[in-house]
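A.B. asks: Each chain is listed here by its residues.
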Amino acid sequence: MDNIEKLKNIFVESLEIKPNTVNDELSYGSASWDSIAHLALVASIEMEFDIMLSSDDVIDMSSFKKAKEILGKHGIQF
Amino acid sequence: MESNFNLNGKIAMVTGSAGGIGWATAKKLASFGATVILNDLKSQELLEVRKEELKKEFNCDAEAFQFDVGNFDSVQNTYNEIFKKYKRLDILVNNAGVLFDNLVGMIRKQDVEQTFSTNTNGVIYNLQFAARLMQRNKSGSIINIASIVGRVGNEGQVVYGGSKAAVIGITLSAARELAPKNIRVNAIAPGFIKTDLIKFLSKDIYSQRLDSVKMKRIGQPEDVANAVLFLASDLSTYITGQVIGVDGGMIM
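Read top to bottom, the protein sequences are chains P and H.
Each step along the first sequence adds one to the number in this note's numbering, with nothing skipped, and position 17 is 17.
Each step along the second sequence adds one to the number in this note's numbering, with nothing skipped, and position 19 is 19.
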């Protein structure tokens, strides 16, 4: 499974949404993406990619697109 | 029979652990098998000495980081290092603290800021990063060292008492929030304990404080460390959001 599929799966499972709804426009506050889901999302991303995000990254990760950018800073290629 | 206090394989961070209650706690956790991460602000040299003492005496792994617990970036960097080396954290003991006694009317701004930075902000910063590491394993124990002064107050300790009352408030809220992640958060409220924080007390004040202890002896750092061990161990897995007094029946 490539990194984009891994990341999509994390969003699907953490936010309990359908795979076809995960796209660059998916953003914090939409669907079930609330603060509690956000922390679960962060934990899953950190575990899957074996990284620790900074507090700024956690707060700034406001969309699927932004998540890819932040992971890019940690050397995760998409 | 295997001890219920067994901490083999656990990673523990103890802030303010170069001396006093922190050092007694570090030794206690190491003696039951934990890998201990030491912290202090004063001296990296002393920390290195302490680290080697732990390794030699308890045949355990140990690490040491000199940083200010009230500095957000320093705390974040330290937890990144912990993640890189250990990938996990099981126990956090928020012990680092400062004390400046001043009567109302003589309280200096810098003493207020430093006290809250270390005693209160430091607890929040460490708790936040520790919880993020702990939630990966869906388990952890956070022990905040508060004070009897934070519960009942004391003359000359408006600032210290305020900072320690805040630690109790932090403990109660964090316990509720982190319980679903199986991360426990408790506080210990020591009474009159023999540490550097009391070495400047006058003989009269020392006697007054001792008279207020019903057990008629000053507490030792090990008395507090024993309570930390209980809260860190699997003997307390259903205990969260509690404030345990370790004060010999002290009345202030």
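Rather than coming from a laboratory, the hints here were simulated on the basis of the structure.
Hints may contain errors.
[As the list claims (entries may be wrong)] Keeping only pairs whose Cα atoms sit at most 16 Å apart, straight-line, the calculated EDC-like set for lysine to aspartate or glutamate is:
hint	chain 1	residue 1	chain 2	residue 2
1	H	K138	H	D61
2	P	K73	P	D56
3	H	K87	P	E69
4	P	K6	P	E48
5	H	K85	H	E57
6	H	K84	P	E13
7	P	K73	P	E46
8	H	K27	H	D61
9	H	K194	H	D223
10	H	K87	P	D56
11	P	K8	P	D56
12	P	K8	P	E69
13	H	K85	H	E63
14	H	K27	H	E81
15	H	K138	P	E46
16	H	K42	H	D196
17	H	K84	P	E48
18	P	K66	P	E16
19	H	K84	P	D50
20	H	K87	P	E25
21	H	K85	P	E25
22	P	K65	P	D50
[Stated by the list, open to error] Which chain P residues stay away from chain H? Per the calculated CB distances, all over 10 Å, these:
hint	residue
23	N3
24	V42
25	K73
[Claimed, not checked] Stretch by stretch, here's where chain H covers chain P in the computed footprint (C-beta under 8 Å, at least three residues):
hint	segment
26	10–16
27	62–69
Glycine included, C-beta positions come from ideal geometry on N, C-alpha and C.
A.B. asks: Each hint: holds or not?
C.D. replies: Do the hints match the structure? See the list:
With a CA separation close to 23 Å, the supplied pair K138 of chain H and D61 of chain H exceeds the 16 Å bound. With a C-alpha separation of about 13 Å, the suggested pair K73 of chain P and D56 of chain P falls inside the 16 Å cut-off, and the hint holds. Note on K87 of chain H and E69 of chain P: the hinted pairing is violated, with a Cα-Cα distance of about 23 Å set against a maximum of 16 Å. Distance check on the hinted pair: K6 of chain P and E48 of chain P sit about 8 Å apart at the alpha-carbon level, within 16 Å; holds.
Note on K85 of chain H and E57 of chain H: the hinted pairing is violated, with a Cα-Cα distance of about 22 Å set against a maximum of 16 Å. As the CA atoms of K84 of chain H and E13 of chain P are separated by approximately 26 Å, the hinted pair breaks the 16 Å bound. A threshold of 16 Å between alpha carbons decides the hint, and for K73 of chain P with E46 of chain P the separation of about 13 Å falls inside it, so the pair holds. For the suggested pair K27 of chain H and D61 of chain H, the alpha carbons sit about 12 Å apart, so the restraint of at most 16 Å is met.
The straight-line distance between the Cα atoms of K194 of chain H and D223 of chain H is roughly 10 Å, inside the 16 Å bound, and the hint therefore holds. Distance hint between K87 of chain H and D56 of chain P is unfulfilled; the C-alpha atoms sit about 20 Å from each other, more than 16 Å. Of the pairs offered as hints, the one joining K8 of chain P and D56 of chain P is violated, with about 22 Å between alpha carbons and a cut-off of 16 Å exceeded. With a C-alpha separation of about 14 Å, the suggested pair K8 of chain P and E69 of chain P falls inside the 16 Å cut-off, and the hint holds.
At roughly 10 Å between alpha-carbon atoms, K85 of chain H and E63 of chain H fall within 16 Å of each other, so this suggested pair holds. Restraint check: the Cα-Cα separation between K27 of chain H and E81 of chain H comes to about 22 Å, which exceeds 16 Å; the hinted pair is violated. Annotation: proposed proximity of K138 of chain H to E46 of chain P holds, straight-line Cα distance about 14 Å (limit 16 Å). Taken as a hint, the K42 of chain H and D196 of chain H pair is honoured in the structure, with Cα atoms around 14 Å apart against an allowance of 16 Å.
Distance restraint check for K84 of chain H and E48 of chain P: the Cα-Cα separation of roughly 15 Å lies within the 16 Å cut-off, and the hinted pair is therefore satisfied. Pair hint K66 of chain P plus E16 of chain P does not hold up; C-alpha atoms about 19 Å apart against a cutoff of 16 Å. With a C-alpha separation of about 9 Å, the suggested pairing of K84 of chain H with D50 of chain P holds against the 16 Å cut-off. A distance of roughly 32 Å separates the Cα atoms of K87 of chain H and E25 of chain P; the hinted pair therefore is violated under the 16 Å criterion.
Using a Cα cut-off of 16 Å, the hinted pair K85 of chain H and E25 of chain P is violated, with the two alpha carbons roughly 36 Å apart. As the CA atoms of K65 of chain P and D50 of chain P are separated by approximately 20 Å, the hinted pair breaks the 16 Å bound. With a cut of 10 Å on Cβ distances, N3 of chain P stays outside the contact zone with chain H, its closest approach being about 19 Å. Here V42 of chain P does not stay apart from chain H, with its beta-carbon only about 8 Å from theirs, under the 10 Å limit.
Distance check on K73 of chain P: its Cβ is at least 13 Å (rounded) from any Cβ of chain H, clearing the 10 Å threshold; non-interface status holds. Residues of the segment 10–16 of chain P with a Cβ under 8 Å from some Cβ of chain H number 0, which does not satisfy the need for three, so the listed coverage is violated. For a cut-off of 8 Å, the count of residues in the segment 62–69 of chain P with a CB near a CB of chain H stands at 0, and the three-residue condition is violated.
Figure legend: structure checked against the earlier numbered hints; hints not met, in rising order: 1, 3, 5, 6, 10, 11, 14, 18, 20, 21, 22, 24, 26 and 27.
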